[in-house]
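Heads up: the sequence lines are chains F and R, in that order.
My numbering numbers the first residue of the first sequence as 984 and each following residue consecutively.
My numbering numbers the first residue of the second sequence as 15 and each following residue consecutively.
The set of hints was computed from the structure by calculation and includes no laboratory data.
For clarity, every value in this text was computed on a predicted model and none was experimentally measured.
Each residue gets a CB set at the ideal place from its N, CA and C atoms; glycine is no exception.
One or more of the hints may lead you astray.
To be verified - A short, non-exhaustive set of chain F residues, derived as facing chain R with CB atoms under 8 Å:
1) 1017
2) 1025
3) 1026
4) 1027
5) 1029
6) 1072
7) 1081
8) 1082
9) 1083
10) 1084
11) 1085
12) 1086
13) 1087
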Amino acid sequence: ILNVEQSPQSLHVQEGDSTNFTCSFPSSNFYALHWYRWETAKSPEALFVMTLNGDEKKKGRISATLNTKEGYSYLYIKGSQPEDSATYLCAPVSRSSYKLIFGSGTRLLVRP
Amino acid sequence: EPEVTQTPSHQVTQMGQEVILRCVPISNHLYFYWYRQILGQKVEFLVSFYNNEISEKSEIFDDQFSVERPDGSNFTLKIRSTKLEDSAMYFCASCRKQGQAFYGYTFGSGTRLTVV
Chain F
984 ILNVEQSPQS LHVQEGDSTN FTCSFPSSNF YALHWYRWET AKSPEALFVM
1034 TLNGDEKKKG RISATLNTKE GYSYLYIKGS QPEDSATYLC APVSRSSYKL
1084 IFGSGTRLLV RP
Chain R
15 EPEVTQTPSH QVTQMGQEVI LRCVPISNHL YFYWYRQILG QKVEFLVSFY
65 NNEISEKSEI FDDQFSVERP DGSNFTLKIR STKLEDSAMY FCASCRKQGQ
115 AFYGYTFGSG TRLTVV
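Pulled out of the complex, with its shape left as it was, chain R reads as follows:
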């Protein structure tokens, strides 16, 4: 069964450093998402991406964050100047659309980011 893969599975970084979280969506999916879950809190939507641009972003997704699809397979989340409160599990997801319906919404297994 097709999978969304995320790397690395764990990342420890020092406060103020930049990190890039990587995701390889399912190959025929064109809609991409990032979510995060801070320990003990709800899974939160960060950003959706389609046709090489952001289609929607939450208020969490400020100038510190950016997303990119640098080639035909990867979808990345960059966090500049990380803060302690960025420590969370970050999930990538992808899906496809047929007509007006969305299909195959699939999550990766996540990257646990720890900022120290």
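Excised from the complex, chain F in its bound form:
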């Protein structure tokens, strides 16, 4: 799996706004997709692991959808809070050695 693209590259929103990001990837040889939340100087925090076409997962105010046929996933944050400020990474996985191929991330800044 190559050419993982995330958009937008960065996003500044006001507290309370809802927002969404896109991850697109080649759909061939797909096995799973990981979403991570990453703050500087910390471990990437696993948000979701998605495997099935049409999967929808939710964790609090954050949710994600997956379309493996067209090769994209959306991450939604409802009612953004300043503590949501972080870089959000997606990483599809191929079947071989389960290595993650990361996108460049979306850097989210939520202003109080």
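Use these hints to put chain R onto chain F, whose structure you have.
Below, chain R alone, put in the same frame as chain F:
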């Protein structure tokens, strides 16, 4: 919650020196990985390791790099003769497999390597 621990958190080394980055994966995990992120760039896969051997490596992982599981708990990345462009954040990760499915993919907090 189980963690992957990495030491040191920061390492400064002179160009040409050898460094060893250490990782303690989660105890029941058998699949181990190293990734790195050069400042401003994507997180890149370096190598995967299973059953005491490399299962896959990227083109970045040349003869300058090696990995080892010297005992039952540590997983190390050695970089010989470091270059300025090796400066990056290095992440270790581990997971386990059940049947054909992988579980519990967990990252450490990283080692920031600065080569001067």
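Exercise. Failing hints, ascending?
Worked result: When the structure is compared with the hints, none of them turns out to be violated.
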